[in-house]
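There are 2 protein chains.
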Amino acid sequence: MTASVQLDKLIKALQIQPGVGPRSATRIAYHLLDRRRTDAVELGQLLVSAMHNIKLCRCCRNYCDDDLCRICKSPERQQSKQLCVVESPSDVEAFEQSNNYFGRYFVLHGHLSPIDGIGANELGLPLLDELLAQGTIDEIILATNPTVEGDATASFIASIALRHNITNITKIASGVPIGGELDNVDQKTLASSLQNRRPFK
Amino acid sequence: MTASVQLDKLIKALQIQPGVGPRSATRIAYHLLDRRRTDAVELGQLLVSAMHNIKLCRCCRNYCDDDLCRICKSPERQQSKQLCVVESPSDVEAFEQSNNYFGRYFVLHGHLSPIDGIGANELGLPLLDELLAQGTIDEIILATNPTVEGDATASFIASIALRHNITNITKIASGVPIGGELDNVDQKTLASSLQNRRPFK
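As they're listed, the protein sequences go chains E and Y. The first sequence begins at -3 in the working numbering and counts up by one. The second sequence begins at -3 in the working numbering and counts up by one.
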């Protein structure tokens, strides 16, 4: 408990951030008060406006400021017939940074998890259904996380795609990371890299 | 760069927090958007109001909501004749948590550092001078950090105290941490613990 009630509240509130516990929250609060009051006011205002204004793109469900996101607005992307389905907006960013994919995206914001009440509606699958019904997509790339839940979600999405007669359904490769050393790779990944071996070209 | 300009700005702004780099800022922003929008709005509002409203106690310069802080308001503390001088408000909190000191405090908010333009005025020493002139203090406990700058600041404050005929000037002990093991203690601390040895009671 500090000498200021407001400061106590601020220290508590800062802890909603993942990775920020009581000690770091205290350090952050004092740092901002001591040295960066103006920046902290700006951060506060940005937090409020971002939480109120950032919404989901009506086409791909990525976070965006308007109705359509930057990627969905781009004419080149609109013409693409590839659709990459990911679990979270940060996955879109990761693919964009790899600078190797120029198709469209669909963001699920999670994976199927009936126990937590997360089903088809929560993942926006009715919207995906509509999108596929338009007939503009001819390849679905499943890029959910390589976990049990991610794989189950991928299978479910594949079944939706098949219903729309999209047969070109692919899944991103799992295997050893490029540039890594084999003895640092975990057993499951190594086993998967062996199962999914390809003809050497 | 994400699909939202506001999100990009938020991720940048979150990095004013010490210990938060681009990767953690991105993780924090997505976490707040995905799961804790209401809490994040509250955090934003608290940040703005705290930065505008938290001021320095007119008596001890600790952070507080009103003119006088919680500690200075307490009648028992007001009667104490001990004054503990610390560099930062978090030091006050640390002493309060140790639950062993029941006197008054004075917070410098830093240490003397002429090269950064931090002199007597920036540390509130004219206020300390006024306080000592009232003649209500008979012991000054110097609890600045055990660094070169902290020691220099302590010496300067001691000279002010002497000017007010306060001769009972003490400095908190440096030595081996309680409960620690000697071979984990750094050389300087160990040397200091030897120099400052006391008669065994």
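Bear in mind the hints are in silico, worked out from the structure with no lab data behind them. Hints are not guaranteed to be accurate.
Heads up, the list lumps identical chains together, so a pair's fine if it works in one copy or across two of them.
Said to hold, decoys possible - No farther apart than 30 Å at their CA atoms in a straight line, the calculated lysine-lysine pairs in the DSSO-like style are these:
{"#": "1", "residue 1": "Lys69", "residue 2": "Lys8"}
{"#": "2", "residue 1": "Lys167", "residue 2": "Lys51"}
{"#": "3", "residue 1": "Lys77", "residue 2": "Lys197"}
{"#": "4", "residue 1": "Lys69", "residue 2": "Lys167"}
{"#": "5", "residue 1": "Lys69", "residue 2": "Lys5"}
{"#": "6", "residue 1": "Lys51", "residue 2": "Lys5"}
{"#": "7", "residue 1": "Lys184", "residue 2": "Lys69"}
{"#": "8", "residue 1": "Lys51", "residue 2": "Lys8"}
{"#": "9", "residue 1": "Lys184", "residue 2": "Lys77"}
{"#": "10", "residue 1": "Lys167", "residue 2": "Lys197"}
{"#": "11", "residue 1": "Lys77", "residue 2": "Lys167"}
{"#": "12", "residue 1": "Lys69", "residue 2": "Lys51"}
{"#": "13", "residue 1": "Lys197", "residue 2": "Lys184"}
{"#": "14", "residue 1": "Lys197", "residue 2": "Lys5"}
{"#": "15", "residue 1": "Lys184", "residue 2": "Lys5"}
{"#": "16", "residue 1": "Lys197", "residue 2": "Lys8"}
{"#": "17", "residue 1": "Lys69", "residue 2": "Lys197"}
We went through each hint and held it up to the structure:
1. Lys69 / Lys8: between (40 Å within a copy, 24 Å between copies)
2. Lys167 / Lys51: within (28 Å within a copy, 57 Å between copies)
3. Lys77 / Lys197: Within one copy, since 27 Å is at most 30 Å while 85 Å is not.
4. Lys69 / Lys167: Within one copy only: 26 Å inside a chain, 66 Å across chains, cut-off 30 Å.
5. Lys69 / Lys5: So Lys69 and Lys5 pass the 30 Å test across copies only (20 Å; inside, 41 Å).
6. Lys51 / Lys5: both (28 Å within a copy, 15 Å between copies)
7. Lys184 / Lys69: Classified as neither; 39 Å inside a copy, 63 Å across copies.
8. Lys51 / Lys8: both (27 Å within a copy, 19 Å between copies)
9. Lys184 / Lys77: neither (33 Å within a copy, 68 Å between copies)
10. Lys167 / Lys197: Cα proximity of Lys167 and Lys197: one copy only (21 Å, versus 75 Å across).
11. Lys77 / Lys167: For Lys77 and Lys167, only the intra-copy Cα distance (16 Å) is at most 30 Å; the inter-copy one is 74 Å.
12. Lys69 / Lys51: within (15 Å within a copy, 47 Å between copies)
13. Lys197 / Lys184: within (25 Å within a copy, 63 Å between copies)
14. Lys197 / Lys5: Neither. Shortest intra-copy (61 Å) and inter-copy (45 Å) distances fail the 30 Å Cα cut-off.
15. Lys184 / Lys5: Answer is neither: 45 Å inside a copy and 39 Å across each miss the 30 Å cutoff.
16. Lys197 / Lys8: Result: close neither inside a copy nor across copies, 57 Å intra and 44 Å inter.
17. Lys69 / Lys197: neither (38 Å within a copy, 80 Å between copies)
Of the numbered hints stated above, those contradicted by the structure are hints 7, 9, 14, 15, 16, 17, listed in ascending order.
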